[in-house]
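S.K.: Taken in sequence, the protein lines are chains W and F.
Be aware that the first sequence starts at 1, since it is given in the numbering used here, and climbs by one per residue.
Be aware that the second sequence starts at 1, since it is given in the numbering used here, and climbs by one per residue.
FYI, nobody ran anything at the bench for these hints, they're computed from the structure.
Ideal Cβ positions, reconstructed from N, Cα and C, are used throughout, including at glycine.
Be aware that a few hints might be false.
Calculated lysine-lysine pairs in the DSS-like style (CA-CA distance at most 27 angstroms, straight line) [unchecked claim]:
hint, chain 1, residue 1, chain 2, residue 2
1, W, Lys105, W, Lys179
2, F, Lys67, W, Lys179
3, W, Lys496, F, Lys160
4, W, Lys376, W, Lys324
5, W, Lys409, W, Lys298
6, W, Lys179, F, Lys85
7, W, Lys387, W, Lys366
8, W, Lys289, W, Lys358
9, W, Lys223, W, Lys203
10, F, Lys160, W, Lys516
11, F, Lys160, W, Lys203
12, W, Lys149, W, Lys85
13, F, Lys160, W, Lys266
14, W, Lys180, F, Lys85
15, W, Lys223, W, Lys71
16, W, Lys203, F, Lys85
17, W, Lys135, W, Lys149
18, W, Lys171, F, Lys85
19, W, Lys453, W, Lys89
20, W, Lys179, W, Lys149
21, W, Lys509, W, Lys100
22, W, Lys149, W, Lys89
23, W, Lys29, W, Lys516
24, W, Lys149, W, Lys470
25, W, Lys179, W, Lys135
26, W, Lys496, W, Lys223
27, W, Lys289, W, Lys453
28, W, Lys180, F, Lys67
29, W, Lys298, W, Lys387
30, W, Lys409, W, Lys366
31, W, Lys121, F, Lys85
32, W, Lys453, W, Lys339
33, W, Lys171, W, Lys203
What the simulated footprint calls covered on chain F by chain W, stretch by stretch (three residues with Cβ under 8 angstroms from a Cβ of chain W suffice, anywhere in the stretch; the number is not a length) [what the hints assert, rightly or not]:
hint, region
34, 146-156
35, 159-170
36, 250-264
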Amino acid sequence: MKGRKLLVFLAACVCLVLVGGAATAAPAKGGVLRMAVIDEPPTLDQHVVTSDLTTMIAQHIFEGLYTFNAKYAPVPLLVQSDEVKDGGKVVVLHLRDGVKFHNGKVMDAEDVLASLNRWGKFGARGPVLFGNLEKVEATGKLDITMTFKAPFAPWKNLLAFLNGGPVIYPKDVVATAEKKPIEQYIGTGPYKFAERNPGRYIKLVRFDDYASRTEPADGYAGKREALFDEIRFIPVPDVGTRVNGVKAGDYDYAEQILGDLFDSLKADDAVVTTVNQGATQGLMFFNSKTGPLKENFKLRRALQAAMNMEAVLRTAVGPKELWKASGSFMPDSTTWYSKSGVDAFSNGSAEKAKALAKEAGYAGEKITLMASTSYKFHHDSTMVLVKQLKDAGFNIDYQIYDWATLISKRADPAQWDIFFTHHGFVPDPVLYTFMSESYPGWWTTETKRALAKEFSATMDDAARKLVWDKIQALAYEEVPVIKTGDHFTYDIYSPKLDGLSASSLIWPKFWGVGFKATK
Amino acid sequence: MIAYICRRFLSMIPSLFLASVIVFSFIHFIPGDPAQVMLGDQATPERVQQLRESMGLDRPLYVQYAKWIGGVLRGDMGQSIFFHKPVLDVIADRAETSLLIAVFSMILIIVVGVPIGILSAVRCNSRLDQLFSGASMFFASIPTFWLGLNLMLLFAVTLKWLPTSGFPSIVESGDWSNLRYLVLPCITLAAPNSALIIRLTRSSMLDVARADYVKTAWAKGLSEGSVTMRHIFRNSLISVVSALGFTFVALLAGTVVTETVFSLPGVGRLVVESLLRRDYPTIQGVILIVAFVYMLVNLLVDLSFAILDPRIRYS
Numbered sequence: 001m002k003g004r005k006l007l008v009f010l011a012a013c014v015c016l017v018l019v020g021g022a023a024t025a026a027p028a029k030g031g032v033l034r035m036a037v038i039d040e041p042p043t044l045d046q047h048v049v050t051s052d053l054t055t056m057i058a059q060h061i062f063e064g065l066y067t068f069n070a071k072y073a074p075v076p077l078l079v080q081s082d083e084v085k086d087g088g089k090v091v092v093l094h095l096r097d098g099v100k101f102h103n104g105k106v107m108d109a110e111d112v113l114a115s116l117n118r119w120g121k122f123g124a125r126g127p128v129l130f131g132n133l134e135k136v137e138a139t140g141k142l143d144i145t146m147t148f149k150a151p152f153a154p155w156k157n158l159l160a161f162l163n164g165g166p167v168i169y170p171k172d173v174v175a176t177a178e179k180k181p182i183e184q185y186i187g188t189g190p191y192k193f194a195e196r197n198p199g200r201y202i203k204l205v206r207f208d209d210y211a212s213r214t215e216p217a218d219g220y221a222g223k224r225e226a227l228f229d230e231i232r233f234i235p236v237p238d239v240g241t242r243v244n245g246v247k248a249g250d251y252d253y254a255e256q257i258l259g260d261l262f263d264s265l266k267a268d269d270a271v272v273t274t275v276n277q278g279a280t281q282g283l284m285f286f287n288s289k290t291g292p293l294k295e296n297f298k299l300r301r302a303l304q305a306a307m308n309m310e311a312v313l314r315t316a317v318g319p320k321e322l323w324k325a326s327g328s329f330m331p332d333s334t335t336w337y338s339k340s341g342v343d344a345f346s347n348g349s350a351e352k353a354k355a356l357a358k359e360a361g362y363a364g365e366k367i368t369l370m371a372s373t374s375y376k377f378h379h380d381s382t383m384v385l386v387k388q389l390k391d392a393g394f395n396i397d398y399q400i401y402d403w404a405t406l407i408s409k410r411a412d413p414a415q416w417d418i419f420f421t422h423h424g425f426v427p428d429p430v431l432y433t434f435m436s437e438s439y440p441g442w443w444t445t446e447t448k449r450a451l452a453k454e455f456s457a458t459m460d461d462a463a464r465k466l467v468w469d470k471i472q473a474l475a476y477e478e479v480p481v482i483k484t485g486d487h488f489t490y491d492i493y494s495p496k497l498d499g500l501s502a503s504s505l506i507w508p509k510f511w512g513v514g515f516k517a518t519k
Numbered sequence: 001m002i003a004y005i006c007r008r009f010l011s012m013i014p015s016l017f018l019a020s021v022i023v024f025s026f027i028h029f030i031p032g033d034p035a036q037v038m039l040g041d042q043a044t045p046e047r048v049q050q051l052r053e054s055m056g057l058d059r060p061l062y063v064q065y066a067k068w069i070g071g072v073l074r075g076d077m078g079q080s081i082f083f084h085k086p087v088l089d090v091i092a093d094r095a096e097t098s099l100l101i102a103v104f105s106m107i108l109i110i111v112v113g114v115p116i117g118i119l120s121a122v123r124c125n126s127r128l129d130q131l132f133s134g135a136s137m138f139f140a141s142i143p144t145f146w147l148g149l150n151l152m153l154l155f156a157v158t159l160k161w162l163p164t165s166g167f168p169s170i171v172e173s174g175d176w177s178n179l180r181y182l183v184l185p186c187i188t189l190a191a192p193n194s195a196l197i198i199r200l201t202r203s204s205m206l207d208v209a210r211a212d213y214v215k216t217a218w219a220k221g222l223s224e225g226s227v228t229m230r231h232i233f234r235n236s237l238i239s240v241v242s243a244l245g246f247t248f249v250a251l252l253a254g255t256v257v258t259e260t261v262f263s264l265p266g267v268g269r270l271v272v273e274s275l276l277r278r279d280y281p282t283i284q285g286v287i288l289i290v291a292f293v294y295m296l297v298n299l300l301v302d303l304s305f306a307i308l309d310p311r312i313r314y315s
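Looking at chain F on its own, in the form it has when it is part of the complex (with noise of 0.2 angstroms):
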């Protein structure tokens, strides 16, 4: 196990030195300059070009490439261009945000999906499967700013119970009531995610329930409930966690339409805001992390299925 750890660990070296060439190419090819979209429309040509030259963007790409790896190889992700910082810093200042989405959003789904799944396939097309299957459909379908929206009109507006949006930082202010501010984000988020768990949950519950050694489970006069949790659920479980996996590194850089929503300073909304304002070591700097936690989440899925199937044996 702990050789295929490390193995996996080395494959991930060319992984992101490939993520490193593609994502620096991607972003010096699409044209724009970041000088011309700091000075704005009417700056001169003659002051971009001051800018560009101060910023190092008038070297050749080669070079630029060589100057920010070497700082990556040495944990300098670079300078901001938009907000005159560390990209590491600008990076942790969101991580906060984003984790906790992801960690609440998840906690979320998975005590939501996971129940209701299981309660839809042991219950299957009776009325309450129904419900269940045309609930999770409604909120697979409805766009998550419209959900955001309306939660925020009832809760926030309307009943005053939340805030709005925003999210003081809980790190710098020691506050831990500011996760109110977080309540409608992770519902929000949670929703039309738990919908999807569900419906894999039911789904792979019910491709498991017709297997021989379930028959054999029931055959050895076993209780419903062993049979439902340690035979049909545990092995359906695989491909539950794997989505799980992608939902988690989704929920952690890929919920921009949420954070904008909220005016929640996540990662998301900074990958998007950085690529419109051309922060180039922003972008190369997000981007890169994002890749090698989703490595690492791929990685823990994988090892987790040795868990789950007794049969999977990594060596």
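In isolation and in its complexed conformation, chain W is listed as follows (with noise of 0.2 angstroms):
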């Protein structure tokens, strides 16, 4: 009898230790989180924008009706649940009940159907859904059906990715805005857009109506419960100000720092670093309109061949953990991970590709590559690949531009032949830049357009795998992109931040973030 009684007080005292360790583990409500952003966006409208650091803030005042789990899987956010009828012809979406936005006005059928009205005529990756719909309408207070002309598979990803992704605003917000970029903030996500003062911070507070999600948290799906009062983006362009800035303590959370910088911040006691899983991609794009490289799969590939990643990745990006010279276009974390057509991907051989270039008919000319200044890993990048690719012979005209100047002049094709840039992560392949056929490198042969159509056409996801390893395989053969390899940035948070996970999917969230609870 004493022993079970001893048994109990110990059990007791072990769920005491645990209720209490747990209590103390959570994050305290309340205080502003200041966190240093690499600059300041030009609008928060996510529908025409897709520039990263818009959506890293734009993520918390406005939400999709999907969004993505953990593994990258789309899952409801807005929407309650779905049908699909037809063979994948038709969508019907249920949507939840009940959530407010930023104005108090509660979500229905016709905020949604405005949304994405506007998204798709004017939005950066709207066409690529509303070209494969035939009409989408309001056919309830909640309800939304899409109807396609023949079965989209990828209509869950794309209305779940953010970034240039189809958030929902309210009805009267659209129709003032157009092709305009938006004005009035209005969401309904955690917290609500306050002010932006330029030069100094964009303010958001927290949302005391949010109607969130009950199930677990788990990637950016599940419950998102907003523990700031306040969140202040704050531009720091200068990354070792950002660094120092956190050091300090006058920033709790800096972004984007150097790869130089990774190991002795990782020692640092001052620091936390965390790694952003979504991979960014520097990409090579090869003019399929004119000049040297058209329609030459074989000098393409020669230059392919002249490759070496691994130096180009050391260079540019830095640590080995902060990059994969892999030749997979979609990450390893991602269910799309392909080897077709691999082996071409970093031979780095001067030689192979000499000959590859003889055997295309090459003669000297002059291949004009195009890079930017105004990221510094395409610079880094480029510097390697242009020493390696004329080390194997090809007469390379290497032009450096800002940004801007950059992407007006790919516009032309007459311009130049290869230049480069980056993609960040994507969760399906269809939101590649080469599987558009307007995008500047003007992939468009008649191979790749059927296997376009049956990836886009085929609702089994095995199924739709298979068609992407024959896409990445002709990707390899036709050589309409070349990609360098996966990096990874990491950003830097003060220790007394709670509730971030060693690495962010895409974009670091701050709901269920908040500081450690004072004891």
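If you follow the hints, you should be able to join the two separate chains into one complex; please do so.
M.R.: Written out as structure tokens, the structure is:
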């Protein structure tokens, strides 16, 4: 009996310790988060802009119909449930009831319809979905029905991807904006827009009437709890200042720190490092409209054969933990990871390149390669690549511009043969820029067109993956674009913050995050 | 004098008009499209065109110029493409920081640079002069970003006496303690400029010291202080004041490195960032205002010559 009492007493003690421990482990409510960001965004309108900075801030204000869980699978956010009918041609979305906008209005199907229509007409990624839609209509107070011309598999991924994606605004906000970026930042998210002080900060405050989902937090999905009273996104363009600011306690979180500082910051107790798992990729686009690389796939393969991507990534990114010399376009953290064609990814063989170039009939014609100094890793990557290409006997005309000039010049196919850019993480390969026929590079071969069509129309996930394997293999054969590898940005934050994990999926998010509770 | 000032103001009109034409042409002829920059890398050509149309960028250049200059004459410099607010408001937001930086840096430059320059000239070739010369060469040579980051590391990160960066508005908050945010930037800006003023004051004074009227002053038996300050220093001030005038304008709009290092919302950063964003109205507005301020400061410097040297008369 005595032993049993002791056991009960011990069990009670353990429970108390666990409960007490859990209580002190939970982040506290209140306080102001000061986040040092690299720049300030031109607008927070998610429909029209694809900048990661805009999305990182805007995701706290606006929400879409779906979002991604930790496995990058699309799951409902503003939608309660959905029905897929007619073999994928008709999709009915049932919206959640009682979701309030920051202006107090309750969201309904009219708001969603107006937002979807604007996104489809003027949005950055909207035409990908709307090009396949026959019609979209409000079929009830909380029901939206999308009717596709043919089954269109990536619809849910497109609705879930916030970057340049279909966040939901109130109908009247949409009506006043149309093709201009919206100026009233009213959403349904856990934080609401309070103030933009140009050059100083963007201020968000907690939305007390937020209608959170009740499922456990999972990636961007599930419960969202705003703990900070206020979040300030402060533009701090110099990386040294961002680091010093967190160390000195002037900022709580700083994004996009230099790879060179990674090892020293990891060992520094004054800050915590967190790696963003949504890989960024360096991409070299080849001109398919005119010039020596037009339809000369063998010459393109010769150029690729000369490239050693490890050398590129080591120089441009730095520590090994921050890059992967992976030839798969989609990262290995996703189900889309593929080894098709990757043998040609990083041969780094000048001899092989010379032999292929000879077979391709290359006689030293000038190849114009454009890169930008506005992004350090663009410049650093191309410095190495140009050296490798010149060593393999290619006559490279290396032209450096600021980003605005480069994107202006690349619109004219007569001005370039190759340009360097980067691509952020996308949850569905259909969102890759090289899949678009209008993106500079203009990859429009018949084989690609047929495979792209098959890829969109295949509803079964496993079958889609097989089609993607074929597209990637074709990308290594026709070489419309060369990937230089995956690299991962990293951020630092104050040890006073609680609720942040060791890594973030794509953009750092601050719901469920607060300052550590004081005992 | 009044007639002279009026003539100078009138002469500013063609200069400003010319500046407006040059700036407008220059920024519109360099490649780049504000709509594309705003929408990002992945925007479709159709979407970019839609935004260009909504911003009026599809109209002929002469129409765009006429619209802009017509607005300027009515006191409207247009709408910032990036900030979506009137250009004058954007500049006014930044003017507070730039003006305070320029004024406080100038005070530091004058307080440090001029007395040390005088001392160096008076004690020419002494150990003290060599020390000041060496120090001024050092501060004139070091890059401002290096000095700024090191000051930040010492006073903000290690000693935690001052904030690392940013500048909350005093106008908005009414909190004058925000001036502490400007201490490190002003020291960073004042250090190389003080060094130059030290060198200039010293060399100007040594030049003047060789003049006949200075020899006469010594021969009259005037005190060292009187000869140094009334005869040498005052007459050497013309070149120093000219340099201070140019320095003031440079501090108003040309401190982009320091503003970047300390994340200050100033005019210098606004110009460079607007150029990278191809925010045409903002660049045009800032450059026109800076050109006007430059002419105004030039006029004030010229007028000050008449006070410093009674032989100069403006009529």
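S.K.: Next, verify each hint and record whether it holds.
M.R.: Outcome of the hint check:
no.: 1; hint: W/Lys105 with W/Lys179; verdict: 23 angstroms, holds
no.: 2; hint: F/Lys67 with W/Lys179; verdict: 22 angstroms, holds
no.: 3; hint: W/Lys496 with F/Lys160; verdict: 17 angstroms, holds
no.: 4; hint: W/Lys376 with W/Lys324; verdict: 18 angstroms, holds
no.: 5; hint: W/Lys409 with W/Lys298; verdict: 26 angstroms, holds
no.: 6; hint: W/Lys179 with F/Lys85; verdict: 18 angstroms, holds
no.: 7; hint: W/Lys387 with W/Lys366; verdict: 15 angstroms, holds
no.: 8; hint: W/Lys289 with W/Lys358; verdict: 22 angstroms, holds
no.: 9; hint: W/Lys223 with W/Lys203; verdict: 23 angstroms, holds
no.: 10; hint: F/Lys160 with W/Lys516; verdict: 22 angstroms, holds
no.: 11; hint: F/Lys160 with W/Lys203; verdict: 25 angstroms, holds
no.: 12; hint: W/Lys149 with W/Lys85; verdict: 13 angstroms, holds
no.: 13; hint: F/Lys160 with W/Lys266; verdict: 22 angstroms, holds
no.: 14; hint: W/Lys180 with F/Lys85; verdict: 14 angstroms, holds
no.: 15; hint: W/Lys223 with W/Lys71; verdict: 16 angstroms, holds
no.: 16; hint: W/Lys203 with F/Lys85; verdict: 17 angstroms, holds
no.: 17; hint: W/Lys135 with W/Lys149; verdict: 9 angstroms, holds
no.: 18; hint: W/Lys171 with F/Lys85; verdict: 24 angstroms, holds
no.: 19; hint: W/Lys453 with W/Lys89; verdict: 15 angstroms, holds
no.: 20; hint: W/Lys179 with W/Lys149; verdict: 25 angstroms, holds
no.: 21; hint: W/Lys509 with W/Lys100; verdict: 21 angstroms, holds
no.: 22; hint: W/Lys149 with W/Lys89; verdict: 7 angstroms, holds
no.: 23; hint: W/Lys29 with W/Lys516; verdict: 9 angstroms, holds
no.: 24; hint: W/Lys149 with W/Lys470; verdict: 24 angstroms, holds
no.: 25; hint: W/Lys179 with W/Lys135; verdict: 20 angstroms, holds
no.: 26; hint: W/Lys496 with W/Lys223; verdict: 23 angstroms, holds
no.: 27; hint: W/Lys289 with W/Lys453; verdict: 21 angstroms, holds
no.: 28; hint: W/Lys180 with F/Lys67; verdict: 20 angstroms, holds
no.: 29; hint: W/Lys298 with W/Lys387; verdict: 20 angstroms, holds
no.: 30; hint: W/Lys409 with W/Lys366; verdict: 17 angstroms, holds
no.: 31; hint: W/Lys121 with F/Lys85; verdict: 25 angstroms, holds
no.: 32; hint: W/Lys453 with W/Lys339; verdict: 22 angstroms, holds
no.: 33; hint: W/Lys171 with W/Lys203; verdict: 24 angstroms, holds
no.: 34; hint: 146-156; verdict: holds (count 4)
no.: 35; hint: 159-170; verdict: holds (count 8)
no.: 36; hint: 250-264; verdict: holds (count 4)
Comparing the model with each numbered hint stated earlier shows that all of them hold.
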